[in-house]
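In order, the protein sequences belong to chains A and B. Following the working numbering, the numbering of the first sequence begins with 226 at its first residue and continues without gaps. Following the working numbering, the numbering of the second sequence begins with 846 at its first residue and continues without gaps.
FYI, nobody ran anything at the bench for these hints, they're computed from the structure. All C-beta atoms in this analysis are idealised placements derived from N, C-alpha and C, irrespective of residue type, glycine included. Watch out, some of these pointers could steer you wrong.
Claimed, not checked - Taking CB as the label site, the calculated pair distances span: (1) 357(A) <-> 967(B): 47 to 57 Å; (2) 556(A) <-> 945(B): 22 to 32 Å; (3) 422(A) <-> 1107(B): 19 to 29 Å; (4) 317(A) <-> 1107(B): 56 to 66 Å; (5) 1346(B) <-> 539(A): 48 to 58 Å; (6) 945(B) <-> 560(A): 26 to 36 Å; (7) 1353(B) <-> 589(A): 28 to 38 Å; (8) 344(A) <-> 970(B): 57 to 67 Å; (9) 306(A) <-> 967(B): 53 to 63 Å; (10) 1132(B) <-> 344(A): 51 to 61 Å; (11) 699(A) <-> 970(B): 55 to 65 Å; (12) 702(A) <-> 1132(B): 52 to 62 Å.
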Amino acid sequence: MIGLLADICLISGALPMRSTLQLNTMIKSPVTLVLLMLLVIHQQVLLVVAAEADKVDKVDFAREVRPILARHCFACHGPDQGQRKAKLRLDQKVDAFADRGGWSPVVAGNVGESEIIARITSHDKDEVMPPGGPEKRLKPEEITTLSRWIGQGADWRNHWAFEKPVKVEPPKIKNADWGRNAIDGFVLQKLESAKLAPNPEADKNTLIRRVSLDLTGLPPTPEQVTEFLSDAAPDAYERLVERLLASPGYGERWARIWLDLARFADTRGYEKDRSRPMWRYRDWVIAAFNRDQPYDQFTRDQLAGDLIPGSKPDQRLATAFHRNTLTNEEGGTDDEEFRSAAVKDRIDTTMQVWMGLTFGCAKCHSHKYDPISQTDYYKFYAFFNQTADNDRGDESPFESFPTVAQTSELNAIDRDLETAVKVFAFGPPRKADLDRFTALNQRKNQVLEACRTPIYQELPEKSRRVTKVHQRGNFLDPGAEVAAATPDSFPKLKPGLPANRLGVAAWLFDPENPLTARVTVNRHWSAFFGQGLVATPEDFGSQGQPPTHPELLDYLAIAFQESGWSLKSLCRMIVTSSTYRQASNVSAESAKLDPSNRWLGHFPRTRLDAEMIRDASLRVSGLLSPKMFGPSVMPYQPEGIWRSTYNTDKWVTSPGEDKHRRGLYTFMKRTSPYPAMITMDAPSREICSIRRITTNTPLQALITLNDTVYIEAAQALARRMAREVEGADLTKRLEYGMQLALGRPAKDHELKALTGLYIDRVGFYQSDPKSALSMSTNPLGPLPSGLKADELAALTNVANVILNLDEFLTKP
Amino acid sequence: MSADQEIYQEQILGLTRRHFFGHAGLSLGSIALANMLAGGGKVQSADSVNQNPLAPKNPMIPAKAKHVIYLHMAGSPSQLDLFDDKPELRKYNGKPCPDELLKGKRFAFIRGVPNMLGSPFKFQKHGQSGTELSELWQHLPKVIDKVSVLKTVKTDQFNHGPAQLYLHTGSSQFGGASIGAWATYGLGSDNADLPGFVVLTSGGKTPDAGKSVWGSGFLPSVYQGVQCRSEGDPVLFLANPPGMDRAGRRRTLDALKQMNDEQSKVIGDPETLTRIAQYELAYRMQMTAPEVMDISREPKNILEMYGAVPGFVPESDSAADPRTAYKGTDAQFANNCLLARRLVESGVRFVQLFDWGWDHHGVSPGEDIVNTLPIKVRQIDKAITALIQDLDQRGLLNETLIVWGGEFGRTPMAQNSPNQKFPGRDHHPYAFSMMMAGGGIKGGQTIGKTDDIGYYAVEQPLDVRDVQATILQLLGLDPWKMHYNYQGLEQRLIGVEGKATIPKGLIA
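Start from the sequences, fold in the hints, and give me the full structure.
Spelled out as structure tokens, the structure:
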């Protein structure tokens, strides 16, 4: 037994020296040995594990060790000077290895001499780290990882995300049957090392539904399905992708995602929460996606369009991005308090969206885990602290951005005004002329007001603000004055760049910036796969998750840069990969070996997001209005939802096709968001929201079962089933309904279930004409001639079921 | 955060990942499904937590309360006219405010030197405890020995929106999770057929900060408060559409389930099974919620006890400015109190009442101390008293925590406004009064003492964070340890820094 123990010690080479010494002196009697074994059994097991693991692979500092240090040590031994204990830092190599008078926290290759190991394994409650009782202690496997890392030479690297992406050649694919582009090489490599195989390609019905939903937010029409299914060419799918990328729905789909980040809404936020015309900005975003404006320009326009020399109206309109912050019109508020809150929100949002950093942590004190000091925060704040907006009730500064239609109306008004003025030249004006002149001017103002949008405007040199650190984040407690600069741990502004927002926008796209490209491709990836390669898209810092496929992430980031920051190219690359085109069935093997589908052995199904569910239901029922752009609209909403303080605005259902517009055009009131949206996990757009967490609740079921919007959609789908099928064959009607909704032929068991339901319900409605009439016409309107209320009511029940199928609500 | 909580958070995050539980999940899902389909409201098995985020969970620490009824008076009532008698202030009535009280202070509306405003109301000691109350309270004295009055609560914010957010979500900025969301996140719900966190409003308006005061913030949206309404559907979209009877709904759900079951067999996504279960829950909620929400099922004596009037729709509801239409006989708040009892009785974890109309600046009709405040007190006095008595007689008071208060207090000075016609007070964040009762609270006491004019605390100063900590602690959720990792920080109701203490002597 002694031999065994000694063997373990030898093999491991990682037993702390103190313990080894104890071991030699103590292994003298069997009793001591047993005692000893009981004492060290915990470590012993770890060491055996460590020894085994050592044979396999080397500990990766960035992915395995740093997160442990960050989680347990950085709060007191990290970047935050104010919280630092014992003047010890463990987030920087030089400090972690420093000789502190005969001892060092980490001694490369020598576990026994490394003080951190002694401390984390200590049984002395005054010595053990971290302090705070047993539940704060490191887990055994964490101790093993640290010990192995030190034993292997304590290789130290910076946090992975703060190093520039490195281009790695995609692994060659041995399996010739699978894999189309670089993505697949990286994915297959991980799958194979996990002893898994990818799923085969999904069938064409599934593919077109999946990729249409992803690229345009809408399910395909039957014509689109037929076209794709009958296209036998080998590049049929690629050409489908091109059609979708070129369709206007693409911009609407990706604008929806961007508007969560931009915290876009139609009202101001606090208390009265009055409306604020921001729709011109929303339309700008849609158009920018549709024309595939390169992401660097897209960014520059939004952060600093006003500062571009000779800026175009569109570029100034884009700056409304940061005017989406809240305005507090509550009586008795200090405008400076809410102005500075808005600037902070802009800082936090900018860093979240482009750099994936939780920069906001540093407004009160230096970041506990990432190298961002409080001074860094306010230096960056200084860039954004020079705009003229000031929490004013009139939302100034603003500018009118007429649409094409509005421009031609304005031109017509101007011509009429000119004529009117000419009339005045011929003597004293008559009352009729004066009235006409006044009316024209009024109309002109109305038009200009309707498209008036809050924008960014830099303060003139003479009235620029001095920026000081807000101590503990309190704007009333100013500290040292700071000059605008980028955070110390990241690249500086390139020489020649202006020290203003325009410089910041360029800095985000500096080839030395390690984060912007990675963060963007990761967010896009998560839109397709439900989860990013970095599972915490909002945090690329040391507290976030490391990437599952680091090389793939970097490959995509570099490809994205090299494409000229083309988002359509990025989408194209992802959706044409075999990884994306896999079937979503879960094999028993992958369920066992990779239950969370980290290695992507199948395509992950995800529930449609709030807007998609609305859009899909309206699309398949034929109700969806194709109208794009314009002021936000009000679809059906139950009575009595809007009751904001001191605000008498009313929700009035939009007339005509406007009540059937896509979800992203729905009026978004922050204090009282559209109920069907927030219940389906949409955010209330008060702050930047990087991802929606999908839930599955009974309240969601009630919406798609009972909300007027969805009942009307079911009625319309029922009418399509009745009218667009020749004859009155029930089976054909049901088949058509399923085909419309799911883009695939119905299965026998489905037809059986729906037929049973129909027969049952039509009997009921025959006996109850009043209910039949309600169910078939309220709210859609009178029955088309030649159709019977009882049949349509029963078909509406059927359609209600179809529009609630798991398959309908899910991206396949 | 306990290991359980940690695992639980991982599971919640896992909701974004499909197939989190793989085939193992299928069987777990099936168990959960079987449990839910078995019905009967009470969810028995904590194992089903894997699939149902609202399944009941064990408290982290021993709990004294199972439920909370939080009565928020939006706008903030005057502590100086209800609880905190200041004879000194009456002496100075009408005199300019001393300089030292104004120096370095920010007010919402006060500008220049305001005059002091003594309370026009008489105060008297009540109950064995001798708790001092203003004459505006006619009923509350009956139960005052069950109540703890906190006189020295302080907040950081002096505008309504931010102060309401700070009180209910722990952060004056948007994005935090509300107390009720934390409670349901930590404990789940005891009745699967009802929302775990219900919100009821009265007074004609929603609170200034909007629905974020009952939002889930960074927690999954399943934990947000569900606003139940007194008109239309009690829960949005609860009623079947016109022309769909309950049997018809059952029939459609049967077909739906049949088709979804087949789908699940082919694809093997556990989320499909969860969806089937959620539809069944929705069906049962359609039955249960209207029953529970129907206060007309209460006997006459109980209705009278609260002053509740089933179906009551106040004039103020349709008024452009509800404050001008307030009447003492308005039964909306009383109805909500009775409803709160029914909900708690049915296992709802957290019931949040908001009553709007307490912002008594005294600058326009409908918002002053002399006329409006007495009307508002009449709307709530009898109902709150009845709520305490009723819960007590049903043996529910000891497991139901009641909290009453505004988002801040009101100044000892009259608001010095040029167009002032009626006496009123500005916002005062430094010391205000709240009440707590039941659910582990030691009744019959007053905690804390303010100075002679009620400006600052002089004994046992308290903070809004202390109230938040007390609520969680009584529910069995450790306010310092319970957290949710978001944006690189351990987010807590009581703030990232965890600065809060349980007020000495408050807990029985």
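Hint-by-hint comparison with the structure:
1. 357(A) <-> 967(B): 47 to 57 Å: 52 Å, holds
2. 556(A) <-> 945(B): 22 to 32 Å: 26 Å, holds
3. 422(A) <-> 1107(B): 19 to 29 Å: 26 Å, holds
4. 317(A) <-> 1107(B): 56 to 66 Å: 58 Å, holds
5. 1346(B) <-> 539(A): 48 to 58 Å: 55 Å, holds
6. 945(B) <-> 560(A): 26 to 36 Å: Since residue 945(B) and residue 560(A) have Cβ atoms about 27 Å apart, the given range 26 to 36 Å holds.
7. 1353(B) <-> 589(A): 28 to 38 Å: For residue 589(A) against residue 1353(B), whose Cβ atoms are near 36 Å apart, the range 28 to 38 Å holds.
8. 344(A) <-> 970(B): 57 to 67 Å: Since the Cβ atoms of residue 344(A) and residue 970(B) sit about 59 Å apart, the hinted range of 57 to 67 Å holds.
9. 306(A) <-> 967(B): 53 to 63 Å: Cβ of residue 306(A) to Cβ of residue 967(B): about 57 Å, so the range 53 to 63 Å holds.
10. 1132(B) <-> 344(A): 51 to 61 Å: Given a distance of about 59 Å, which is inside 51 to 61 Å, the answer is holds.
11. 699(A) <-> 970(B): 55 to 65 Å: 41 Å, violated
12. 702(A) <-> 1132(B): 52 to 62 Å: 56 Å, holds
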